[in-house]
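A.B. asks: Chain order of the listed sequences is A and B. Note that the working numbering numbers the first sequence so that position 243 is 243, with each residue one more than the last. Basically the working numbering = 1-based index in the second sequence + 1000.
These aren't lab readings, by the way, just hints derived from the structure by calculation. You can take every hint at face value.
Chain A residues, not near chain B, derived (Cβ > 12 Å throughout):
1. P120
2. D127
3. Q164
4. A275
5. S286
Per label pair, the in silico range of CB-to-CB distance:
6. B:G1180 with A:D384: 44 to 52 Å
7. B:E1115 with A:A219: 17 to 25 Å
8. B:A1239 with A:V209: 37 to 45 Å
9. A:R350 with B:D1226: 31 to 39 Å
10. A:R350 with B:E1087: 37 to 45 Å
11. A:G250 with B:W1036: 39 to 47 Å
Partial selection, computed: residues in chain A whose CB lies under 8 Å from chain B:
12. E146
13. G200
14. R207
15. W344
16. D345
17. H364
18. D365
19. A367
20. V368
21. R371
22. Y372
Note that the coordinates shown come from a computational prediction; the quantities given were computed from them, not determined experimentally. Quick reminder that beta carbons are idealized off the backbone N, C-alpha and C, glycines included.
The lines below spell out each chain.
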Amino acid sequence: MAPSAPLPLRSRAAVAAGRAVAGASKVARLGTGSVVGGNVALRLDPGLLRRLTAGRRIVIVSGTNGKTTTTALLRAALATAGPVASNALGANMPPGIVAALGRAEPGAAAALEVDERWVPAVLEAVDSATLVLLNLSRDQLDRSHEVRKIAETWRAACAAPAVQRVIANADDPLVAWAAGDAAEVVWVGTGGWWTLDASGCPACGGRIVFDADGWACTACGFSRPEPSWALAPGHEVVVHGEERIELDLGLPGRANAANAAMVLAAADGYGIAPAHALPAMRTVQSVAGRYRTADIDGVSVRMLLAKNPAGWQEAIDMLAPPPRPVVAAINARIADGRDPSWLWDVPYERLAGRYVVATGERRHDLAVRLRYAQVDHGVAESLDGAVAMAAAEGDDDAVDLIANYTAFQDYLDQVGREP
Amino acid sequence: MTDRSSTVAVVVLFPDLLGTYGDGGNGLVLHRRLQWRGIASDLLEVPSGSPVPETAQLYLLGGGEDAPQTEAARELGTDGPLHRAVEAGAVVLAVCAGMQICGVSFPDNQGRPQEGLGLLDCVTVKTDEPRAVGELLVDADDRFGLPPLTGFENHGGRTRPGPSATTLGGVRAGVGNGDGTEGVLADHGDGRGKVLGTYLHGPALARNPALADVLLAWALGMAPADLAPLPEADAEADALRAVRLSAATRGNLDGVAHRTWRDRLTRRS
Ligand SMILES: [Zn+2]
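Please model the complete structure; the sequences and the hints are all you need to start from.
C.D. replies: In structure tokens form, the structure reads like this:
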């Protein structure tokens, strides 16, 4: 790989200005400051993203759910072969990416989380990249939510010459459609699990049927590509139908096992063998506060993030078995989407047998949903109150918390961002 | 098919095409409110491409995007199983895109009028007005005997009720049909079933259990007051309603300015 050329003066000035603003906004307690800094840098030099990515190994991770965690696993895997830059805290639009790369040493690889709507724009600004496409499902109903349109833009973007290789989830028909025109695709079988947004065939509008072996369109024959990497029961990854690799991750749940399988396939493409990547990936135990355990008034609270129905389905899979109580928190601010009617698409019936406390600004919406799911529940106004109420129903002073985006950020502020 | 003398069948039609706004929840609410009262109920989800049963008592259509909406209308046709069910007395609740396709015509994704199912006397058109997105608060028409109705709306089209239509009520906050009214009812009073369309989602029946009971009473051929009360469930819904009613009447949603149709008519911003 060629060493990256020195940045032109204008870009260096833009990066420096971005850093100075990022520093100032940190002092002013405006959060991590990286987005503010990146915005200033982009305004000074619109070509900055191209120059900052030139000469690096770039791996772009996108999808509705699991971007941040997958990027953290990828960063760990790539770091076994050299320095890696990453927008590790989820600042996943061009300003956040520029801020992350502006700090990176020359020649460092880049593991970049990219918002699903920004994938085409970012790909236009890079010369060469591997693309990891996780999944697509409904998110934030009151925005112009059109999952299918995103799949279309991905499909066009995947065909671009800059895309060297796509690591694609073979079990998501929308992802399979999106990756279909790419020069090289490595298919990863992750297990089918969220079908609500994929029943209409992206190729012909016909009907897609799912069964234990995969999925296929009944009208045009578009069907699940045969994966070369596949997640098997027991969180093993099977490579080319032969080699079996036990994941044994530091992160819970099926969804993270699927994310890890995608990362193993991506790292393998850069010559990093699973045996090399996995020990590093296993050291990842919390990601931007997700999966960490906080102490709230003597109760051990494990913090899970879920932003949409598919994310909730994944998070429910990660819960400790009953009778461990659950605190579920819902807000409906702009970043969450103002319409929480998606609560009715979440299979809350699966919480039956647990005691659940609804909290967050839309706790009453959730309480009504839990009532119709026939889940035993209470309602509490504050996180502290919810944790105490839930813990009183358990037997070991431990609860699992699942919160949507802004509720999760509020609670992280409350318990402290660093564990 | 279920024996209609003993079991009430609730059919959620085409959740794969018309399920964008959690509207499947309306089916669950009806099903549970029957069960909780000791009335046997079947909840059936019928995806597109599958045969539509003709002998259920309640049918639900939800919201959807333009292309799936057009596909749903094409499958249901102008004289299909749903029409025969309504002829036989079945009750239909059609939300958002579901209401639009039940009308005489509705716009497709190019804005061209498409023939609707003809179950409601209304026409939906595209206008140059912005998409209606936000809390919707409706004062129900007196004939329903209902408290204010709360929901969330998210639609581009505007619905013009025809001469034979009754509306669900008047809009207090939000846009609704676009002319100050909200929803469309077909009530022929001749043994045919009633068809109610509305822009309220959230889903509507979770936020407005009294409306759920009106639909159940129509389907069971009794007065809503004769249905056993469900105090525990409805106390919880009342807590939700209090918050949503106050959010809608304050004219803001947790700090975000929200203009009502009255504001627009009087050109206030
Ligand atoms: Zn097809």
